[in-house]
Every structure is written in C-alpha cells, then in structure tokens.
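Protein chains in written order, with UniProt numbering: chain A, 1 to 285; chain B, 1 to 786; chain C, 1 to 156.
Don't take each hint at face value.
[As the list claims (entries may be wrong)] Quick list of in silico lysine-lysine cross-link-like pairs, DSBU-like style, CA-CA up to 30 Å:
| no. | chain 1 | residue 1 | chain 2 | residue 2 |
| --- | --- | --- | --- | --- |
| 1 | C | K89 | B | K495 |
| 2 | B | K186 | B | K345 |
| 3 | A | K29 | C | K7 |
| 4 | B | K158 | C | K89 |
| 5 | B | K444 | B | K782 |
| 6 | B | K570 | B | K495 |
| 7 | B | K536 | B | K16 |
| 8 | B | K309 | B | K345 |
| 9 | B | K178 | B | K158 |
Everything labelled a hint here was simulated from the structure, so no lab data went into it. Predicted model, so just to flag it, every value in this text is computed and none were measured.
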Amino acid sequence: MIPPAFEYARPTSVDEAVRTLAEAGDEAKVLAGGQSLLPLLRLRLAFPELVVDVGRIPGLSGVREDGDTLVIGALTTHHDVIRDPLVGRYTGLLAAATRTVADPAVRHRGTLGGSLAHADPAGDLPAVALALDAELVAVGPQGRRTIAAREFFVDYLQTALRPDELLVEVRVPKRYGWGFHYEKFNRVAQAWAVVGVAALVRRDNGHIAEARIGLTNMGATPLRAAASEAALAGAPAAADAVARAAASAAEGTRPSSDPSGTPEYRAHLARVLTRRAVLAAAGGE
Amino acid sequence: MTGATEREVGRARLRKEDARLVTGQTTWTDNIQVTGLLHLAILRSPMAHARVDRVDVSPALERPGVVAAFSGRDLAEGLGSLPCAWPVTEDIVLPDHPPLAVDEVRYAGDPVAVVVARDRYAAADALEAIEVDYTPLPPVLDLEASLAEDAPLVHADKGTNRCYVWPLATGEDYASVKERADVVLKRRYLQQRLIPNAMEPRAVVVTPLPASGEYTVYSATQIPHILRIMLAMVTGVPEHKLRVIAPDVGGGFGSKLQVYGEEAIALTVARRLGRPVKWTESRSEGYLATHHGRGMIQDVEIAATREGKLLGLKVDLLADMGAYLMLVTPGVPILGAFMYPGIYKMDAYDFTCTGVFTTRTPTDAYRGAGRPEATYAIERIMDELAVELDLDPVELRRRNWIRHEEFPYPSVAGLTYDSGNYEAATDKALALFGYDDLRAEQQKRNERGDTVRLGIGVSTYTEMCGLAPSRVLGDLRYGAGGWEAASIRMLPTGKVEVVTGTSPHGQGHVTSWSQIAADVLGVSFDDVEVVHGDTKAAPQGMDTYGSRSLVVGGAAVHQAAVKVVAKARKVAAHLLEASEDDLEFAGGVFSVKGSPEARTTIQEIALATFSSHDLPDGMEPTINAEHVMDPENFSYPHGTHLCAVEVDTETGRTTIRSYVCVDDVGRVVNPLIVEGQVHGGIAQGIAQALYEEAVYDDEGNLVSGTMADYLVPSAVDLPDFVTDRTETPATSNPLGAKGVGEAGTIAATPAVVNAIVDALRPLGVTEVAMPCTPGRVWQALKEASA
Amino acid sequence: MTRISVKVDGTTYEDEVEPRLLLVHYLRDRLGLTGTPVGCDTSNCGACTVDLDGETVKSCSVLAVQADGSAVTTIQGLAQGGEWHPLQKAFHERHALQCGYCTPGMIMAARDLLRENPVPTPDEVRHALEGNLCRCTGYQNIVRAVLAASGQEVAS
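Here chain A stands alone, though its shape is the one from the complex (with noise of 0.2 Å):
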C-alpha cells in the first residue's frame, strides 16, 4: 500500500532536529532507518503530519568508550552493531539479540535507536537494554537527559521520550567475564519473538553470583524476570538449580495472546527459555 501524504524535514543537527519537533507538536515522527515507521506507513497505521528525517545528522553513529560506559550512537545500524568490535568485546549480548533481529537487508537500515525508540514489546532489543541496564540519552529544548532503560519503556509502543525529544545514544556499562545468551523462539526466521529471553551471567567459582534476565514479548512492555535474578543469585551454575530459578522467570507479567501463543504457552516458554539462556549464558548445556 501507498503511504498517506506528510511534510518532510531532514534537520542537519540534532538542534535543529528538536527544534523541528518542538514546533510540530505531537504530529510529528521520527524517521531514522524507517524500518518500523515505514511498514505501519504503508499500511496507513500512522498518519503523522511531518516526519523527520534524522538519518544524515553527523555524529549520531558509531561506537565509542567513555571510561566504564560504552556509548551507542542512536542511528548506528543493527548491521554495524553486530560487527562493531567494542560491542563484540564489552557486551556481546547486544551483538547476539540484534543478530536475530528481522533479516540482513532490514538490518543494513534499521537502527538500535529506532527499535528502541519503537519500543515493540516483541521486538528484541528492548528487553536487551532492560537486562544491560542501559541508560538513554535524549536531547530536547531543555538539553540532554538520560533515562534508565527500566524508565523508558512506559507501555506499548510507548516510551519516556516526549514528543519534542530524540534520542541521541545509548550507553551501556561495559561488563567483564558476564557470560551473555539472546535465546529468541519464533516460529520463521523473520517472525517476531513468540518469546525471547535476554540473559547475563557473573559466574564466581561455580556459582552465578549474579544474573540479568531481560524478557521479550512477555507484557506491554519488555520485562526483567526479577525473582529468577533473585533465585540465581548465589545459585550453582548447575541445571537443576538453574531450572529451579527458572521456574518463577514469568511471575509478574502479562503476556498477550495470538496465532502463535496463550499467555499460559508463553509463560511456559519463558521458563524453559530461561532455564535455556542462563544455562547457555553461565557456560553451562
């Protein structure tokens, strides 16, 4: 299907970009890769009044070390994240999820901002910023503010940034010795997660001293499997003892139900996927 008719602006620099925003009130989207906001125009979902064309403005990808954090641009690609040398050494996580995100071409536009930003609850990024901690930096005419990735992910399709702000970077602590696993279950390459599970592991002689799990399509919102962190905490990296935490990996969410799944399937999936990422994640079967 055809688009419906917008205004389009393609600010240079992010000033101008929110000062396009700002003027525009809520009538305005963000383009960046346009892998999400182009399929929802085609099928008419959306019919902003202006979009704006962030793609070309300098300085908004790429990887880089600031001390402990590593800063994401918000407009490097998927593709350049799977092979970007710093996230391959200090979260290795984000390499793996974004790897199993939609398909190669897809890949080559979209962007870890906008799937972000998009904030699908079955889109598998965001649950991996929620298990990294991740903080999100947006500038908007007051400047720059950084939001904790367990703030920014408000509801469906809905996030913290207002509609006169962009987001510029993602910063994510650097982790040493994590052992890390994205285990995705869909049901063709390219479908979204039925479930995902996005795990971080801290092992110390044996055991998981510490654990982050981050669940995908399990709510409104991406999710951490709390009392399965808790239950792993001090836990032997053995498969029982895994499985056991694992158990209580769906205990507060609500997930939706669809061709491919009850919320009763998918709670059942999260567990066993769970019992899976952690296991892979701890080094373990």
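Following the hints, complete the assembly by docking chains B and C onto the known chain A.
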C-alpha cells in the same frame, strides 16, 4: 540446419524463460505503462457482514488527481454477477455476486467503491474520502453452527447457509461392510484456511479502443482464455472484441485460476471512461481479496479387519465456501471426493460434502484443490489404524495398496487408475530414508525418555490430475471441457512456432514444449519458440491448473507435431519422387530407404511449402497443423514421501530432520523442472503442516492480515529434500506423462503431521491440529499428560 | 516536493518527488526500471531488494528522499558488458527460479552475502536469504545456485 541428434525429451534443459527473469527484463502486469493510464483503488468493507446503507463517493472526486469514483450502485448497470462455472448439484444455492457490493457486504474485504486517479498515490488517498454507512449484521463463521435452523444467514434471500449437499456412494453398501469389520475408527480432521501467496500480487490493466469498442485486458491470471469468455458474459463486451493477455505471471497456485471482480471492474471502468486503467493489489489487500484455499472439517471413518484389510471408508465434509461462489469454489471438495480411498483397495466408499456459506473471503482452488485434503485424511487415519492394529504404518499400507500387476485398476470411488507401482516407489524411498535405522534410533530415544523426540511420517499418495476428460467434467456439472489445443507453425526460414493454449506462470512450458516439439520434428531446441498467454496469438486454450498442462497441453503439442511430420512426409515424398512408405524420418531428415543421399529436411520442406511451387497435386499449401487433445482418462501420479522430525517436547517446536520422496510422475520431459516442481510442492505442503493459517477473530476479521502475520516459510524454515523417481508411464497420453505440479503439496502435509504424531504418541498424543505450531504441540502434550 | 539526485545503475537522475514516494515506486513508476518488483507491504518478502550504497535494502521500505545523493544498483544493473553476473548465471544453471518474481531480490541478497562471505556454508546461505521469500522453489535450488556462484562444488 536440423540439429537434434540427442533426444530432447528427458534432458535437463536449462530454461529459455530464465534470461529475462534473471536480468529484470520482465513484463509483469504492473510493469505496463501506457499513455494516459489511470489507476484504480478499491475501498473494501472493514467488517465481515453489514448492510450498506449509504455510499457517497463525491468527496473523493474533490481530491486532487481523481478522475472518477463509483459505488456499487453506480457500476451495477453493465456489470453482472461474477460467475461460478461449477454448480456441482442441480439444486445448488447460487447467490448473486456483484463485483462491487450494492446492498450488503459479506466478508471483510468485500469491495464497496472504486476510485480512478492519475496515479496510485492519488487513488489510495482518495479512498479515505469516501463515506460509507454500514449497519452491522451478525458474522457467520462456524461451519456447524451456521447450518442450524436459526443461524444468521450470509445470503438472507436464500434462506439457508447450506450451499449444496453432494453425495457419492460407490462399491458395496458401506453400512453392511462396516457390520463385518473388526475395527472401526472415526476421526475428525481440520483443514485450515490457507492463503495461496503467489509472489506476484494480482494486477490488471485494461486498454480500450473506444472507436471500435475493442479492449485488451492484461491480467496476472492463469486463465486468459476462460477469463475472456467470462468477462464477455459479466460485462457484455462482445467476446470477439476482447483480447486477454497474461504477460509474465509470477506464480498462481490456483489463486489466479479465477475471474475476479477487479478484472470486471477495471474493464467496466475503462469502458465507461474510454481510458486505460490499472489496478494492482497490495499484499495485505490480496489477503482479503484473493481467494483462499482449503477450509474444511473432515469426519472420517474407516472400517477394517483385525488383519489390517481395509473394508470401507466413510467421509463427511463440511466445506467453507466463504461468502460467495467463485469460479470453481463448490467443485474443489468434489475434486477431492474421488481421492479419499487413495491407493488402497476396499469394498465400500461413502462420501458426502456439504458446502457452507460463511462471511469470509471466498475459497477456491489452491495447489492440489481437494486432493491434498483427501490425501491428508486417508493418510492420517491409516496411521491411526496401524496403531490400533499394532502394525508398522508402511506394512499396513502394503497390505492394502493396489499391486503393480493389478493395473489398470478400478478404484472403489469409480476411477480407473491406469498405471502405477507403489511397491517400487515405496521400497526406493524406504532405502533412501534409512527407515529401519531411524525406527531403531526412535525406539532407543523413546526408551531413554529424551525431551526431543524423533518421529517418522509416511505418506503414500496418488492423485487424479491432468484435468481432464471433457465428458467426465460434464458428468460432474463443470461448465467447460478439459481439452487443450496446440498448433505448430513451420516458418519459411526453418524456425518453428508452437502455439499453446496453456498459460504458464512459472512452470517452464516454453522450455518443455520446445523439447517435445524439437523431438517430434527433429529440429533443434533453439529453433523452437513457444507462443502463449494471449487470446489473439493463441486463440484456443483451456489454460493452466490441476497439473494438466503437460499431460493435456504438452500432449497436444506432441500430436500437432506428429501431424506436421505427416504432412511434411507427403511433400518430401513428392520432392524425392518416392512413395511415402519408402521414406524414413529421423533427426529432422526425410530420406529414401536404401538411398540415403536422397534426402531433404523438414525445414527445407517448410520453405518449399511456403513457396508452394512444387507441391503434390491438390495439397493444401501448408504443413502447419493443430491438435486439440481431450484425454480419455485422468492421469494418476503417485509416490511415497517420508519425513523425520525432531519435536522438542519442552517448547513444542518441530524441526524437520530429513525428508525423502520418490515420486512417479510418469515419463519426464525435463527432470530439472520436475525436481523444481517437487521441491516447491513439498515446501507448500510443509507450510500447511507447520506454519500457515488464515486466522479470523470472532467478528470475522482476518487476524493474519499481512505477510508479517501469515507465516510463509523462508529458506531457514525448510530443509533440503532428497528426491528421486520411479517411472511408470501414463497410458492416457502419448507422452506417458502424469503431471507434477501438485504432487509435492498433496504428499507432504500428512507426511509431516504423521511424523509429529508419531514422535509424540508414546506421550499420549494422538492428534495435533494444523498448523502444528509449537503452542499447539505443547497444548496437545499438556492435555495428553493431564 | 523535494528535489533528489540518485544514481541508478550508473545513470544519475534528478527529480522532484513527494517525500512519501517509496524508492521502489520511484524506480518503477518514475524511472521505468521495472526489473525490481513489489511483493508485500510489510518488508517481509524481499522481492524489491536493491543495493543502496553498497548494502542491500528493501526498496519498499526506503523513501526516495532517503536515497538522495546515493547510488542504487538494481537487478538491471548487474550484467556488465552483456555478461551476466555469476549469480545470474548460477540461478539459470541451477534452476533456482520458476515464476521468477522473487529472483531479482534473491540475487541482490545473495550478492550481498557473497561480498561479505565469499565462501558461505549452506546454512549461512539460508540465513542470508531469510528476508527473501520464494513460493515456487522450496529454496533448495536457490541455495545450490548461491553455493555454485561462490565457486563451491555443489551436487546437482
């Protein structure tokens, strides 16, 4: 000049079609650009069932670039009901089917209004301006509930949702046969609705010549010839003023075997405006507007002796017609009716199909059309019977199938299976598959209680295809014949034009027909061109569907070529001053027996006939010939497909570990093309088993309404297939070919589901509904352990 | 309207376009480059895949204005001096197409793979093509064709 020394038929010739397809020099209908071309867009009902109280298109006319807009009422004059060519019973309920709804909409997607604008963007925008008032009516979705006395009606004027009841009882009386059975099993199987998903969305372009009242219709269709006749009837444009062209067509799988409202609307609008128009569907629009396939409830009962001899089969179908009867909607289950007994001998067969209207997109032919459903039912219940009798499923089949020496064999359903060798195909498949080793591994893993279970599925199928003997189609109340036409033009320069009535859309007819003609005529493959898909250039044809093209259309090419050679022989005898009986013909050369220097080629004869200076007395100056082939029987491909799956009992996910098939499609013209057809067919069969379903919600909205929701498998989701063949020639056509277009799809679905159930049977599972999603498998396991 | 300049298959075009114009419609309807077809509206099918500045994109999910200043290569620009691209040859020789509607996108996606990974495994080929749907072939011959184009021995 003549070239063919090696036989063409049987060679893995690379396709002539490919050059333009791999370089992008294609002629898809949507590619067509004409000066002054206008674009149509269609407003569709957002609800499953409603009364249309008011349609106001005038606001759309205010939009920039809009040339015209029409409601159903505006176009009603001169736009008749869309045709159903297969009223399967005398008392079938045949509702009116206006291309644009007038008073009532009966499925989500039913067309309501049309706008005509200077480009596709303007047309899409203008749709938003059209005002429609609807009064919702109750949706009709449940096949059983809709037959109740007080059920809401899809077509209130008809007084019932029951479209037809079509019974067939053959062989002995089923009830008495059942009396003497040791075992009677009854099962219910559900054939989910599928969306065919040809990769090219539908499109139509109509270019008028107002002065002469002539119209050229370009359409992404499988059936240019049938479409021409039907469009003439629906729109009143005289048939001889209509030319229909199927340009490059990007797949069909039955979905383009149709006379669609949009084709009639485009023609009518072009006629009203005197300007060329184009309509192209978007994918999500097509999910509503292009017919669906399958959609049946199958109640199946099988009766057998304790020793595993089949006695009888009883089948009761409820078939979802959708909201209207389209071209062959009612006939699809009837194509399957004869195939439920499969390859097996039995004494009695009892079949009833009840067609039911619902407020959903109409159903119609989708790859296999009735026969996959039939094969699924018999092959699934054979597995259940094998379990009941404690027999290996292959052994049970072996005890009941028709043995090769018994052909021709009159099937219990009244067909004559002309040839086959089920033993040979099965033995070959079992060996390739490593059946015994897999069974041993399965047993070990079951004993260990593995969380990932191994399952083995078998499917031994046959199908009736090569549609078809015209008389039989007449007996079945089908509106047309089943013949196919071919003509051959021997050009003066020695080149050959083959004109075929089939209309390929991916099958490679140009290549295969070239091989057939080259062999008979003794000319080189490259000297043959094939003309198709244009009612002006190939005026006579019955088009492409039902695995008919090679066995009917290819056979017609063969016979036409034989006639050309016979005519050429007369000229050759005259020129060589020999008697026809003394001529030999090989490799395109006529020579006189015993004096090989006295020779002439068929291509030289073409030139001699063109000049006509020296022909036999009284001979019509042409060696061109045509042939219309009307086969005396269907053809019956068969084969054995084996599938091994790994089922993760924790997540419910099924992974295909290996897939082996041995098909017998008779004589093969091009093994490369045959293998491709088998691969693609299996892929679609697997897709039904594991991935695909048109899901509707309780209001009758299509939930799986985009390609993001309807899961067409990708390369990652399908395995490599091991394919092989046996070759038992068909006796119903001179090529000995049986057809291959649908075989894979027919065979694969039950092979996969049998494997899944086989994997889970030790855990108490006896049935998983299709598509066997991980969620459904998990649910079945949960219920079995409860 | 927005003014854009795009180089397509070696030729530079300058046009005024509506911002909402999809790149694929720009190629097809404005430039008449109809070798790139449209197969869906959700960026699932990949039929419209083209190369944009050295990377594949789905041209139905890129606005023409986003391609401003860029170079696009379509299936129609692959053959050089009348010589087919090795993938075009391999698709033909391995019978990797039937209706051919998905073929332009498949070839563009496979070309992208082979640039990054000149000797892929069958599994890597399948994953590289996960965003390109084919309804005719069951993919097996497509995988064979890509492997063959990469110079690997492939059973026929």
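A quick look at each hint next to the structure:
no., hint, verdict
1, C:K89 - B:K495, "26 Å, holds"
2, B:K186 - B:K345, "19 Å, holds"
3, A:K29 - C:K7, "28 Å, holds"
4, B:K158 - C:K89, "58 Å, violated"
5, B:K444 - B:K782, "23 Å, holds"
6, B:K570 - B:K495, "20 Å, holds"
7, B:K536 - B:K16, "22 Å, holds"
8, B:K309 - B:K345, "9 Å, holds"
9, B:K178 - B:K158, "37 Å, violated"
Checked against the numbered hints listed earlier, the structure breaks hints 4, 9; every other hint is satisfied.
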